[in-house]
Amino acid sequence: MRSSVSVILSSPAPDTRMSHPDYDQIAQDHASILILVHHHQEGLLKSKSFIKVWDKIRRVNHTKVTDSAGVTRQVYVKYVKEYPVESNDWGDFQTHRRLLGLITVGQYESQIDLNEICRVHESLKVRYTSTLYDSRCILFGVEDDQLKTPSNFKSLPLWYTDVDSCTDLESQVSELLNSLFWVLESKRQERSREKLDRVPLLLAPFERKDIVGLDLESRTNRKKCTGRMIKHLGDLSLQAGVPHEALQHYILAIDNLRSVNDWLWLGGASEGLCAASVVVLYPGRWRTFPIQRNASLPPSPGKRRPGSIGPSSLPPGSLTPAPIAVEDAAKALSPEGILRRYQEAIQNYAKYQSAGLIETEACFKAAQIAIQQGCPLQAASFLKNVVLINLTLTEQEKIQRFLSLSELYTQMGFHRKASLCRRLAATRHVSDQNRQPDWTQCYNLMLQALDGHRLSLDPTERTSGGAAEGWPALQIHLLQQLVVAARRMGHSALATRHMTFLLQTMWHFLNPTEQRDLAKQLQKLAAECEGAPVPLVLDTRAVIPPANLTNIPKAKNFRLQDLPLHLRPQKLEKIKEDIGPFLYTPISFGSLDRKSTKSQGKMDYLWVEGDMCEVLLDVYNPLPFELKVSNMRLLASDVVFESIPSSIVLPPDSGPNSIVLAGVPKEVGDLEIQGYSTHTLGVKSNCQLRHMPHMPQPSFSVEVVPALPRMEVSLPVQKSNLQVPHADASASITSVSKSLYAGESDECQVTIINSGTQPIEMLEITAQCVLDPSQLRQVLQWSADNIQAQLPLPPGASASFTLYLHGCAEFIAPPRNDLIDGGSQPSSLLSGPSSLPSRLSSLTSSAPSRYPHHNGLSSGSFRSQISSRSGSSVGSSRLHSKVYDPSAPKVIDCQLKLRYSGGPGLEAGYCRVTSVSLSLEILPSILITSWDVLPAETSSQFYLVLDVTNKTLGELELHYADGKVMLFEGNEECRIAVPVERCPLSKLSKLYQNIELSDIEKAELDIICSDHIASLVDLKWVLPVSSRSGKASLRGLSLTADMLDIVRMSPLQWEVLLNKEVAKPLSELTCVVGQCMQLGVTVQNFLDWPLNNVALALKFFQEYQSGVRNYRLDSQLAVAGASNVLLAQLDDQGSVYHECNVVFFMPGLYKIDIQCSSQARPVSVVPSGDVGNSLPAHTWKLIPPIEITVTDP
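Anchor point for the sequence shown: position 931 equals 938 in our numbering, and the numbering is continuous, going up by one each time.
Rather than coming from a laboratory, the hints here were simulated on the basis of the structure. Treat the hints loosely; a few may be bogus.
Claimed, not checked - Derived lysine to aspartate or glutamate pairs resembling DMTMM-like cross-links, with alpha carbons at most 20 Å apart: (1) Lys1027 with Glu1110; (2) Lys673 with Glu621; (3) Lys994 with Glu1062; (4) Lys635 with Asp660; (5) Lys531 with Asp546; (6) Lys132 with Asp171; (7) Lys88 with Glu116; (8) Lys1106 with Asp1052; (9) Lys578 with Asp779; (10) Lys1071 with Glu979; (11) Lys53 with Asp171; (12) Lys531 with Glu633; (13) Lys1038 with Glu964; (14) Lys1027 with Asp1095; (15) Lys904 with Asp1049; (16) Lys71 with Asp171; (17) Lys132 with Asp175; (18) Lys71 with Glu123; (19) Lys1027 with Glu1011; (20) Lys1158 with Asp1095; (21) Lys578 with Asp677; (22) Lys561 with Glu710; (23) Lys155 with Glu182; (24) Lys85 with Glu182.
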């Protein structure tokens, strides 16, 4: 915009330049009266009191005056605290630059003080005497009639006792403003009445030296004088409140001045036309009384204190033209025309080097109008021109220019340019040309430049590791400048804070070399002042938020750890109370909402008050040198929590490195773990999880329950080296093993120690195993009463109890494969009569399992079910795909759980569970491979014949019956016969209620008889070498139907008479051939109910050595009478008697088989075709049979 013509038209020696630009000027100031308010600072009036007076004066920013024609005018005023005389000299060029009024404010206590105030006031009047119209002197002091103003004091004094008592000050200022207006109006009228051909030539200050030798009577100069005077009348009219007249004068002056190429005054006329148009188009957009900010509220970093609210601070695009009169509309410029005319005025000013400040102020005023009209690009063009203007300014004036530019750029929304201007202003504070560098001001301006670079000193407002927000290179450079400024101003803590912020927020935009160098710089800065995670409050009341290093070291996988299994609290189960019937309703009552709003950071386990809790953390060292991290602690809230410090040294470029952070909660409640703290590179940091984007949760919450006791368990048993395969083995604090032979018993002393701070008031011991409770009680037992008698157990005390172990195992051999596959029946265990093989027959495949609830047991568990067999067991083998081998060693894995509690934890309903993993290995001792039953000499007993195998490797003594002992070597088999009492009717009476037994009843009968045998047979084995002993159990021994007839006591009692004499079984009975013997049989029913359809049969037979029985004895004997009798009913507790005679024809040994059978229905009602199907429900026999020896006569 500048031209070489400016060199010709302007003076080469600008000694009369206006050197104090006013960057706060607005276009409306052209229509304002300028008043200087001077504070007599050498007096007693303090600055705070002066500010109050200043605010009261500024409230009078305009007044309404009715002129001589009756028209009401709005007269505006502008107040300044300082005004240079050089600027006042430009009053002819622009009349709004004339200082028309003066107000002096001072306080006195004596006549000397009063005289001094009056002297200063008069000296100011002399300084501005060329333009000053009127003045006032405001005096604060005591009321004393003896104190008077000096005689040479010609101004009007305003007397007040104090600042608060000047209630009429505003009216006094309004009166002064009225006085100034009328003087101004008279001057305007004077000028308007002058003849245009006789007006003087108005000059700018730098033009006065060129007036010498100038021909003022020339036509060009006369026209120049006329144009300048018309422009001057426009200025006066605008100040006097008649902008419509001012518009007319400016338009006329522009035409005259353009014709004579008077560029400087043409620019002034164009600027005046713009100002008048602004006043007409936008009435009311004047300076207003400022809104005071509460001084107790600190400003945010990078934000300026708001000043007065006027047109310069209006939001962009807020100016809208107001309705105006038709005659004014034709003269006033349009909004676009205002900017174009301003552009023209600035181009004219640019031609004069001495008018640089006038041009600068015009650029600022034009930019403000453009901003308020919503034209930021045109405003930017005006401001760009300001930078190009070459002015000779002091450093302070340069600073002020940059700050004013920054303010306007901020209003335009050009925040980065605004920040650049602030940074340039900051550098001027510490430039080499500045003799008094001010690093504090430099730092404050740098701080204000953060917002324009999209930087906030709060690291939480910036996403770490995300996309770049702003310009990283500029941001890094600005932050480094902040560090330098803070260090040079002597604030080491602030320098450390900014360097910490730089490393934290810009880490991902730094290369490895920069990361290393900045980390080293931070370490050096922290050596001067350690960084702490607390806000820093500056002298300007700005608060610098704390900066925490979460990238050095970098943490991942923040995991709260549950307590060890034996220390985890568990809720005590309460007995469920009966609260009435259950009523179903489809209404959820918000239960679903509560489930959905459950915090994801809430842990599903508990911590205990007073117990150490741990958090696992993986840390990485991203720096190429060794990193020392000390004083790492957990950050917690809501509950008092004692963090235990931890330290670690991380190798260069290493990770992950696991570290455990621990602490102890001291209260009960919901504990919130918010993160951790570190101390590295000299900086203490509080690393909040919510500010770390790679963390899964912003925080973790865990419930802390009241304190519980701690218990230790010790056993004298040697610890096992085996890996315990139990699912809950990790919960055990002790793992022991023990080896027992099958049937062997042992004891183990268990000692419990209270190692906590709370007494143990409750202790319950249970055992968990794959065995059912009944089998577990056979393996493991203890005395609960003994344990309860030792409670409560105070801290540090101990108690003990005895654990009884028993090698419970099977002593019955499993079935053979040929029987499982349905092969032939096994041969008899004993050689004997032909009846034995029938008794040794296997159970049918349809027979149910005797222990169906054990079908799912694994092969490694204790096998309780025993297969049913005769000679070999068969029944339960169908339940297993793999045949169980009782001769192999077995391992029983179980856990002894000790549930205990006490103190506050018990009152809150919590306990702990300590477990002892017990691995019990059971070695085989003896094995019963086959068995059978034989009748004994008496009807009340029978013989149990067993084949026993020694499964140990050494000699074994087997004690059975009364005092009988058998010694056999390892893996040797022997056969023994044990006399056993028959199963009494008292155990079997229920099974005789139905004549036909179901499968379940048959199985129950088998169990009863087998348990009867097991309870009476005592098999004790002893290993002489190791002095170990045990007992073998016959539980689970399966019996066939024939075996059951021998084992169980018959409900019918027999009495046999031969020739009227009682014949007992196994007694020696003889007779001779041909002798007639009378045979009588008495049958008595001992049941409590009658038997129906009872058939009594007497059968004679001979048994050969091969075991074959011969019942065809028609040629060898004859029977007189019925040998088969059918009784309709045998009453309960009743008896019947039957008698017949027999004659033997040949000598020999004869046996009589006496038996009774009871049928379900009478034979007489059985259809002829179903006779074969009407089988007796059961047959009872006299055991043993009667034997008669027949001899020759």
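Results for each hint:
1. Restraint check for Lys1027 and Glu1110: not satisfied, since their Cα atoms lie roughly 38 Å apart, outside the 20 Å limit.
2. Distance check on the hinted pair: Lys673 and Glu621 sit about 15 Å apart at the alpha-carbon level, within 20 Å; holds.
3. Distance restraint check for Lys994 and Glu1062: the Cα-Cα separation of roughly 23 Å exceeds the 20 Å cut-off, and the hinted pair is therefore not satisfied.
4. Between Lys635 and Asp660, the direct Cα distance comes to roughly 13 Å. Compliance with the 20 Å bound is thereby established for this hinted pair.
5. The suggested pairing of Lys531 with Asp546 is violated, with an alpha-carbon distance near 25 Å, which exceeds 20 Å.
6. Distance restraint check for Lys132 and Asp171: the Cα-Cα separation of roughly 28 Å exceeds the 20 Å cut-off, and the hinted pair is therefore not satisfied.
7. As the CA atoms of Lys88 and Glu116 are separated by approximately 24 Å, the hinted pair breaks the 20 Å bound.
8. Our distance criterion of 20 Å between C-alpha atoms is met by Lys1106 and Asp1052, whose separation comes to about 18 Å.
9. Between the alpha carbons of Lys578 and Asp779 the distance comes to roughly 25 Å, so the proposed pair goes past 20 Å and is violated.
10. For the given pair, Lys1071 sits about 40 Å from Glu979 by alpha-carbon distance, which is inconsistent with the 20 Å threshold.
11. With a C-alpha separation of about 14 Å, the suggested pairing of Lys53 with Asp171 holds against the 20 Å cut-off.
12. Our distance criterion of 20 Å between C-alpha atoms is met by Lys531 and Glu633, whose separation comes to about 16 Å.
13. Restraint check: the Cα-Cα separation between Lys1038 and Glu964 comes to about 11 Å, which is no more than 20 Å; the hinted pair holds.
14. The suggested pairing of Lys1027 with Asp1095 is violated, with an alpha-carbon distance near 39 Å, which exceeds 20 Å.
15. Annotation: proposed proximity of Lys904 to Asp1049 is violated, straight-line Cα distance about 47 Å (limit 20 Å).
16. The straight-line distance between the Cα atoms of Lys71 and Asp171 is roughly 27 Å, outside the 20 Å bound, and the hint therefore fails.
17. For the hint pairing Lys132 with Asp175, the CA-to-CA distance comes to about 24 Å; that exceeds 20 Å, so the pair is violated.
18. Proximity of Lys71 to Glu123 is assessed by CA-CA distance (about 35 Å); at most 20 Å being required, the pair is judged violated.
19. Our distance criterion of 20 Å between C-alpha atoms is broken by Lys1027 and Glu1011, whose separation comes to about 27 Å.
20. At roughly 32 Å between alpha-carbon atoms, Lys1158 and Asp1095 are farther apart than 20 Å, so this suggested pair is violated.
21. Of the supplied pair hints, the one linking Lys578 and Asp677 holds, its CA atoms being roughly 17 Å apart against a limit of 20 Å.
22. For a cut-off of 20 Å, the pair hint linking Lys561 to Glu710 is broken: about 28 Å separates their Cα positions.
23. Straight-line distance between C-alpha atoms of Lys155 and Glu182 comes to about 23 Å, which puts the hinted pair past the 20 Å bound.
24. The straight-line distance between the Cα atoms of Lys85 and Glu182 is roughly 15 Å, inside the 20 Å bound, and the hint therefore holds.
Violated hints for the displayed structure, listed by number in ascending order: 1, 3, 5, 6, 7, 9, 10, 14, 15, 16, 17, 18, 19, 20, 22 and 23.
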